[in-house]
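Chains as they are written, first to last, in our numbering: chain V, 1 to 342; chain P, 1 to 342.
Read the hints as simulated data drawn from the structure, not as lab findings.
Predicted model, so just to flag it, every value in this text is computed and none were measured.
Where hints are given, some of them may not hold.
Same chains, same names: a pair is fine if it fits in one copy or spans any two.
Stated by the list, open to error - 35 Å max Cα-Cα, derived DSBU-like pairs, lysine-lysine: (1) Lys-200 with Lys-147; (2) Lys-209 with Lys-11; (3) Lys-18 with Lys-118; (4) Lys-258 with Lys-186; (5) Lys-23 with Lys-66; (6) Lys-18 with Lys-189; (7) Lys-186 with Lys-200; (8) Lys-147 with Lys-258; (9) Lys-43 with Lys-149; (10) Lys-189 with Lys-23; (11) Lys-149 with Lys-11.
There are 2 protein chains.
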Amino acid sequence: MTEISSLGEFKLIEQLTKQVELKNPSSVKGVGDDAAVVDFNGKQVLLTTDLLLEGIHFDLMYVPLKHLGYKAAVINFSDIYAMNGKPTQLLVSIGVSSRFSVEQIEEIYSGIYLACEKYGVDLVGGDTSASMTGLTLSLTCIGEADKDKIVYRSGARPNDLICVSGNLGAAYMGLQLLERENTIYKTQKDPDFQPDFAGKEYILERQLKPEARKDIIELFAKKGLQPTSMMDISDGLSSELMHICKESGVGCRIYEDKIPIDYQTALMAEEFNMNLVTAALNGGEDYELLFTLPLEWHDKIKELENIREIGYITALDMGAALVTRDGQEITLKAQGWTAFEK
Amino acid sequence: MTEISSLGEFKLIEQLTKQVELKNPSSVKGVGDDAAVVDFNGKQVLLTTDLLLEGIHFDLMYVPLKHLGYKAAVINFSDIYAMNGKPTQLLVSIGVSSRFSVEQIEEIYSGIYLACEKYGVDLVGGDTSASMTGLTLSLTCIGEADKDKIVYRSGARPNDLICVSGNLGAAYMGLQLLERENTIYKTQKDPDFQPDFAGKEYILERQLKPEARKDIIELFAKKGLQPTSMMDISDGLSSELMHICKESGVGCRIYEDKIPIDYQTALMAEEFNMNLVTAALNGGEDYELLFTLPLEWHDKIKELENIREIGYITALDMGAALVTRDGQEITLKAQGWTAFEK
């Protein structure tokens with residue numbers, strides 16, 4: 001018998017879905033991108049789904065229920081934006097054990113509704129179930145896009161510019177902080193313990209209440225900018241870049257000194273004595289957009305707010321590497337999400 | 001704090017979704033039917049999702065993994081057929097703890113693929129996750145239908161005929177049998193114990209490997225038959241009929257002696273000393289179709305294979321009742337699914 005941890009998430013998915021042959025003419029793109037693409041009368045419909053399990057994806061000790069609902073919705077919207085689409089409908093399934101009250105479930109939904117309101121999405125269905133154990137959330141988001149606007153992971157070409165929105169590593173450092181304070185709280189067993197979050201609001205918000213980059217997608221439309229490839233950064237820059245390289249059949253170089261990092265993220269990494277670039281490369285859950293642009297956009301990128309050029313696409317045989325401040329090349333590794341590892 | 005069990009599933013969903021106002025022009029129908037309806041360029045897209053949790057919806061002691069995958073897919077297809085649509089795509093999310101092997105997950109998927117193959121559906125995406133506890137399956141099915149062919153729960157009118165496909169109570173009696181043999185197995189602690197399933201294959205198959213009524217939907221198309229309302233029977237005839245009555249603002253009468261019941265179901269009920277009609281009314285998971293037809297179809301229904309007329313729709317003030325063999329009227333109750341109850 002093969003242990004799941006010996007394969008990891010991506011190889012497991014590959015093994016489970018390698019036999020799939022799409023047969024319906026409406027099925028345009030199946031497994032392997034941020035969202036599936038289905039064509040209905042020429043309108044391309046985007047579909048994405050996320051499963052969130054208590055103890056794996058969230059710890060109710062430090063995640064407020066409303067934030068949990070908000071985040072669960074937003075990370076689905078983010079997958080639709082990552083295809084250059086617009087999220088329009090949401091299905092929400094929830095499994096709850098009897099230790100939850102109706103009021104607590106309503107808290108989760110209030111977060112979901114807040115996200116729907118902000119992003120213009122309709123909640124249209126779902127499923128509600130009892131659970132033997134913890135809290136389970138499964139969300140499916142439907143989005144739409146014009147056929148010629150959809151951006152896949154597979155379109156990056158040598159010499160394309162690699163760009164990211166916002167900054168990286170913040171959500172990961174926020175998680176480290178929450179886990180540290182949670183450990184202190186448990187160890188002290190002092191009911192009056194107050195965690196020390198002053199000056200760290202930004203990284204906490206990045207972890208607890210992330211936003212999807214709707215603004216960047218709107219900017220693309222406004223500027224007539226069509227990325228050649230794109231995905232959202234949920235597992236970490238390094239892992240996502242390797243997905244784009246693999247799907248596009250290319251290599252890449254990114255520069256350590258160009259990776260955008262917020263001041264609070266840097267301070268927190270110092271406090272934890274952690275390597276800042278490692279946090280930015282491998283810390284997940286930032287939900288920023290990673291995308292590639294044709295070379296001719298090089299001069300214009302500087303004028304675009306919240307977008308940073310961090311490197312370029314190469315031929316496949318160059319491999320994928322990070323160029324450090326002192327000019328060394330370090331091969332990128334997909335550490336990313338490791339929930340299957342022990 | 002309000003306990004979830006004090007509300008039950010349907011009231012909980014009502015409470016959680018009462019504030020929803022659909023805002024996107026593409027959102028045609030939200031919560032409250034077998035599937036949501038979204039319009040893309042005039043093509044109506046159907047969306048349904050199901051969450052299946054170990055210990056609540058299935059017991060791996062007696063549900064083979066391949067059957068579990070098959071059933072999980074089929075019950076989603078059934079929801080699309082219940083709207084008079086055709087399932088086309090499927091998203092599968094799975095959460096597994098480390099006690100599962102890759103081979104076991106492949107077993108589940110082999111069942112899902114078998115169902116996809118049989119019903120002509122493409123698996124196009126999903127999510128895979130570790131789990132702290134048991135097995136979690138969340139499936140979302142996408143289907144399509146012509147706008148004027150979609151059948152909602154809300155279209156039943158007084159004097160319409162109430163019909164069901166196939167027969168009822170079989171899946172429930174199959175479950176009773178499985179649970180009895182499982183209890184004996186656990187009590188005896190005899191590793192060589194072989195359950196006694198001879199002559200009971202039909203009710204076991206109805207429970208473990210149910211089918212969706214694709215054939216009935218195809219018959220509707222062939223005969224030019226358009227139901228006024230429809231849903232699939234997952235929670236039990238009584239509960240589903242009350243949904244149709246509520247959504248359509250009508251009452252109903254169904255006849256005890258007209259409810260179709262298979263011979264094996266009847267034998268099993270006798271063996272268990274259970275009321276057969278109660279099993280047929282309240283036993284769930286048959287995934288037969290319950291639908292209403294205009295009165296003029298009365299004479300033609302007899303010619304349709306696998307369809308039985310069991311009663312008629314009345315004005316709202318008549319209420320919903322079962323007419324027993326001796327002419328008594330018994331008010332219908334929605335016992336249905338009680339997983340939230342203790």
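Verification of the hints:
no., hint, verdict
1, Lys-200 with Lys-147, "neither (42 Å within a copy, 52 Å between copies)"
2, Lys-209 with Lys-11, "both (30 Å within a copy, 29 Å between copies)"
3, Lys-18 with Lys-118, "between (37 Å within a copy, 19 Å between copies)"
4, Lys-258 with Lys-186, "neither (39 Å within a copy, 63 Å between copies)"
5, Lys-23 with Lys-66, "between (40 Å within a copy, 22 Å between copies)"
6, Lys-18 with Lys-189, "neither (50 Å within a copy, 41 Å between copies)"
7, Lys-186 with Lys-200, "within (21 Å within a copy, 54 Å between copies)"
8, Lys-147 with Lys-258, "within (33 Å within a copy, 52 Å between copies)"
9, Lys-43 with Lys-149, "both (11 Å within a copy, 20 Å between copies)"
10, Lys-189 with Lys-23, "neither (58 Å within a copy, 48 Å between copies)"
11, Lys-149 with Lys-11, "within (29 Å within a copy, 42 Å between copies)"
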